[in-house]
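Asker: One rule links them: number in my numbering = place in the sequence shown (from 1) + 15.
Since the hints were derived computationally from the structure, they do not count as laboratory data. Among the hints, a few may not be true.
[Unchecked claim] Computed beta-carbon distance windows for the label pairs:
hint, residue 1, residue 2, range
1, A99, L76, 10 to 20 Å
2, V53, G270, 36 to 46 Å
3, L175, A379, 41 to 51 Å
4, V366, V190, 21 to 31 Å
5, L229, L175, 40 to 50 Å
6, D171, I363, 29 to 39 Å
7, V164, H112, 24 to 34 Å
8, W115, R285, 35 to 45 Å
Quick caveat, the model's predicted, so the values are computed rather than measured. Where a beta carbon is used, it is the ideal one built from N, C-alpha and C, also for glycine.
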Amino acid sequence: MLTLTKPAGSMVLYGAILFLMEFVRGAFLVSFLPTYGVQQLGLAAAGIGIAVSLHYVTDTLVKCAAGYLLDRFALRIVAPVGLALSLAGLLLVQQAHTLWVLAAASALFGAGMSPVWLGGLSRAGTERRASHMGVMYTCWLAGLGAGPVVLNFILDRSYLASYWLMAGLWGAALVLSLFIGGQGSSAVQTPAAIPFGVQLTLLWERLRSMRVLLPAMILQTTAAGMLVPVLPSFAQSSLGLAYSQYSLVLLAAGGLTVAGLIPFGRLSDRYDRRWFVMLGFASFAVCLFALTRIAGLGPAVCVAAVLGLSYAAVLPAWNSVLAQYVPPEQKGMGWGLFSSVEGIGVMIGPVLGGWIADHFHARAAILSSAALLGGVAIYYAFVSSGLLKRGTMA
Numbered sequence: 016m017l018t019l020t021k022p023a024g025s026m027v028l029y030g031a032i033l034f035l036m037e038f039v040r041g042a043f044l045v046s047f048l049p050t051y052g053v054q055q056l057g058l059a060a061a062g063i064g065i066a067v068s069l070h071y072v073t074d075t076l077v078k079c080a081a082g083y084l085l086d087r088f089a090l091r092i093v094a095p096v097g098l099a100l101s102l103a104g105l106l107l108v109q110q111a112h113t114l115w116v117l118a119a120a121s122a123l124f125g126a127g128m129s130p131v132w133l134g135g136l137s138r139a140g141t142e143r144r145a146s147h148m149g150v151m152y153t154c155w156l157a158g159l160g161a162g163p164v165v166l167n168f169i170l171d172r173s174y175l176a177s178y179w180l181m182a183g184l185w186g187a188a189l190v191l192s193l194f195i196g197g198q199g200s201s202a203v204q205t206p207a208a209i210p211f212g213v214q215l216t217l218l219w220e221r222l223r224s225m226r227v228l229l230p231a232m233i234l235q236t237t238a239a240g241m242l243v244p245v246l247p248s249f250a251q252s253s254l255g256l257a258y259s260q261y262s263l264v265l266l267a268a269g270g271l272t273v274a275g276l277i278p279f280g281r282l283s284d285r286y287d288r289r290w291f292v293m294l295g296f297a298s299f300a301v302c303l304f305a306l307t308r309i310a311g312l313g314p315a316v317c318v319a320a321v322l323g324l325s326y327a328a329v330l331p332a333w334n335s336v337l338a339q340y341v342p343p344e345q346k347g348m349g350w351g352l353f354s355s356v357e358g359i360g361v362m363i364g365p366v367l368g369g370w371i372a373d374h375f376h377a378r379a380a381i382l383s384s385a386a387l388l389g390g391v392a393i394y395y396a397f398v399s400s401g402l403l404k405r406g407t408m409a
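Take these sequences, add in the hints, and give me the full structure.
Answerer: Structure representation (structure tokens):
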């Protein structure tokens, strides 16, 4: 079997697989599922929300299990199995005629995505870790953004063509995963030789060493999640934007995020990455506050552009910081555990943001998100700056 074992080749392969995965995930969750579920199956919007939530709940819950498997088996084995499991969920969609079958299919679709993500994160090289993170997140955002846009054009013509395009691209990702190189040897001791109880103790010690970071980890993903259910209605009601204009705003934010990830990743490799984390979150908070004080397309595009650059500054630097606390002999379980901690905020945020918008106003939800992110920036600056600055842990 052909394998790619060089780090650069591995990152390119992971990036290609990740792009295809997120292209299909974005197309399915943002475009296909809401349209097909409501218009073809006659489901309520609340039911579609349940299916989407179950997808992310499953994705979050299986991360630790996927990490445990990655520490014991080669990624070239675990990744194809996970992708095949998700493909089964995607194929189940065509048999779904009720909400609960559709929700089960969506949940199964989310169950097999973690291995490629965790494998790419664990293989990011120490010397250029933030740069590698930038590559990973560039592929993620590019796929996630392109999927819904492309599928919307095809949905106008045929649900069936849209469905089989997603299945075909996911199948292509599955085929590519067969060429992932073997797992490198541990720097200290192979995970399989370490008893499970000892591994849990080691991970617990790492969590204790970074316990000051944990509240902010959850708050920052909660703040981001709060924006998901409110931004479309806010753009229309408060900014006065048509849907086509809102698409331009999203393109400005997403385009500059993708364009900035690799350059910012390289800069944070050369300079003190804690400044990228703190200033990035602070800029994010200021931009969200400004968003509640403007109207019209031009100002919205400008604010969105700065938001995109802020996000690009934070992502590779923050994940490089987080990588300091991943045990070298437990990279799979370590990344799985930390990703699950961040996933708590992803699950809380949309519910909290929707509740605030329903009981007050969409503007209140955005201001609340801005306040949380501003608090996170201050917290990192005054409480945990030493942890952000510290070098890679052994």
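Asker: Does each hint hold? Answer for all of them.
Answerer: Hint-by-hint comparison with the structure:
1. Between A99 and L76, the C-beta spacing of about 19 Å keeps the proposed range 10 to 20 Å intact.
2. The given range of 36 to 46 Å is broken by V53 and G270, whose C-beta atoms sit roughly 29 Å from each other.
3. In this structure the supplied range 41 to 51 Å holds for L175 paired with A379, their Cβ-Cβ distance being about 42 Å.
4. As the Cβ distance of V366 to V190 is approximately 37 Å, the hint placing it in 21 to 31 Å is violated.
5. A beta carbon spacing of about 46 Å between L229 and L175 agrees with the range 40 to 50 Å that was offered as a hint.
6. Checked against the given bound of 29 to 39 Å, the beta carbons of D171 and I363, roughly 35 Å apart, stay inside it.
7. Our hint of 24 to 34 Å for V164 and H112 holds, since their Cβ atoms are close to 28 Å apart.
8. Here the CB-CB span from W115 to R285 is close to 52 Å, at odds with the stated 35 to 45 Å.
The structure fails to meet hints 2, 4, 8 from the earlier list, while all remaining hints are met.
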